[in-house]
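Starting from the known structure of chain D, fit chain W onto it as the hints suggest.
Protein sequences appear in the order of chains D and W. Using our numbering, you'd call the opening residue of the first sequence number 14 and step up by one each time. Using our numbering, you'd call the opening residue of the second sequence number 636 and step up by one each time.
No false leads were slipped in.
Below, in silico cross-link-like pairs of lysine-lysine (DSBU-like), each with a Cα-Cα straight-line distance of 35 Å or less: (1) 694/W / 716/W; (2) 858/W / 59/D; (3) 85/D / 858/W; (4) 17/D / 725/W; (5) 842/W / 884/W; (6) 725/W / 709/W; (7) 131/D / 859/W.
Because the hints were derived from the structure by calculation, they are not lab data.
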Amino acid sequence: MSNKSLLVVDDSATMRQLLCMTLTRVDGITEANITEASDGEDALDKVKSGRFDLVLTDIRMPRMDGLEFIRKVRSELNDVALPIIIISTKGAEEDVQIGMNLGASGYLSKPVSMTRLKELVTNFLGEH
Amino acid sequence: MQQESAEILSLFKKSEELVDMLRKGRAFTEELMSENERLRYRVVQLESERINPSQTLIKEVERLRVENGQMAQKLEFLDGKFQQVEAENKDFAQRYVEVEEQNESLANLYVASHRLHSTLDSVEVVECIKEILLNMIGSEDFGLFVMDDETSGLIRAGYEGETAGTPEYERIALGEGLEGVVALGGEPFFSETADEGHCACVPLKIKNRVVGVIAIYSLLSHKKGLSMLDHKLLELLAGHAASALISSKLYSMADRKLRTIEGFMSLLRVTQGGGNV
Numbered sequence: 014m015s016n017k018s019l020l021v022v023d024d025s026a027t028m029r030q031l032l033c034m035t036l037t038r039v040d041g042i043t044e045a046n047i048t049e050a051s052d053g054e055d056a057l058d059k060v061k062s063g064r065f066d067l068v069l070t071d072i073r074m075p076r077m078d079g080l081e082f083i084r085k086v087r088s089e090l091n092d093v094a095l096p097i098i099i100i101s102t103k104g105a106e107e108d109v110q111i112g113m114n115l116g117a118s119g120y121l122s123k124p125v126s127m128t129r130l131k132e133l134v135t136n137f138l139g140e141h
Numbered sequence: 636m637q638q639e640s641a642e643i644l645s646l647f648k649k650s651e652e653l654v655d656m657l658r659k660g661r662a663f664t665e666e667l668m669s670e671n672e673r674l675r676y677r678v679v680q681l682e683s684e685r686i687n688p689s690q691t692l693i694k695e696v697e698r699l700r701v702e703n704g705q706m707a708q709k710l711e712f713l714d715g716k717f718q719q720v721e722a723e724n725k726d727f728a729q730r731y732v733e734v735e736e737q738n739e740s741l742a743n744l745y746v747a748s749h750r751l752h753s754t755l756d757s758v759e760v761v762e763c764i765k766e767i768l769l770n771m772i773g774s775e776d777f778g779l780f781v782m783d784d785e786t787s788g789l790i791r792a793g794y795e796g797e798t799a800g801t802p803e804y805e806r807i808a809l810g811e812g813l814e815g816v817v818a819l820g821g822e823p824f825f826s827e828t829a830d831e832g833h834c835a836c837v838p839l840k841i842k843n844r845v846v847g848v849i850a851i852y853s854l855l856s857h858k859k860g861l862s863m864l865d866h867k868l869l870e871l872l873a874g875h876a877a878s879a880l881i882s883s884k885l886y887s888m889a890d891r892k893l894r895t896i897e898g899f900m901s902l903l904r905v906t907q908g909g910g911n912v
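Bound-form chain D, shown alone (with noise of 0.2 Å):
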């Protein structure tokens, strides 16, 4: 896993602090497999130039959400492979399905379980 790369999508930057330090307690990953983004536009550019195995993103952040980055990476980039997960406040029922609906590969409502994040994660990269 240790060749795995990984992009973290947030505007809060105590936010991508708190999902590095639990993605660096995954097996094989270190911050230097950790890319950080603090909106969609930012994260959009970084998918468009590297090449990842992995991202975490936010709804919610400035210039481009979390939801107009998936539809550009699904549609725009055409790359349906890439596992997106959503992190977000809005943790209601129609909220996950609007997201899962655009192309996300999994959904955690904030404030994250650690464990549970942890647990997605592993499965993502052990699966691809």
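Coordinates of chain W only, in the frame set by chain D:
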């Protein structure tokens, strides 16, 4: 006379033959008796051999019974041991979950305190407190109020949501509303149901001095209530957010004073330079 002696000789021969026959008969009888003895011994031997297998079997059955008893004891011991190990395993699994929760809790607290003290910009400190309240605690509607030294009341420094955004929460006098009461008394308020319009109201304190208040009016729809971790985070915010807010305030005041002094110094230099010319 000659005839008589011949008869006697013949009788003597016959008697010798008879003796010889008797000797042979005796030897034959002795041989028969010996054989009889041997056969009797053999019969006894065969009879004992016929009885012994059943005794061996009985002994073997007895040995197996003893062994079975020992095995049953061993099985009982192993079963007890297995149950003990299984209980220990469950205990370890439970402890692992607890340690994971503790780790999660510590990671949250570490990140929160690290972020709060990573800047001296008061706007960033307020943003950081808002991020913690939204992302880590899961508050939907909340306000951050700081103590105004001039009016001795609370001023809204940041908020999220409808309730906290209403004009009535821009300024709150000490002792008015839950926020004012908490700011005056310095004691936190927690409600599990939020029926009274507040989930939590926590004073931000440096030692015993209240420098502000965090009021949470509602949690995110999918969050049922405040957990132990949320309480810990709010406790941490009560201390660390207060010191971060005051530090940033003092820093901006010192920075302002420094700029003023620097302005005076440059003005003096210009004046002195002008005088020399």
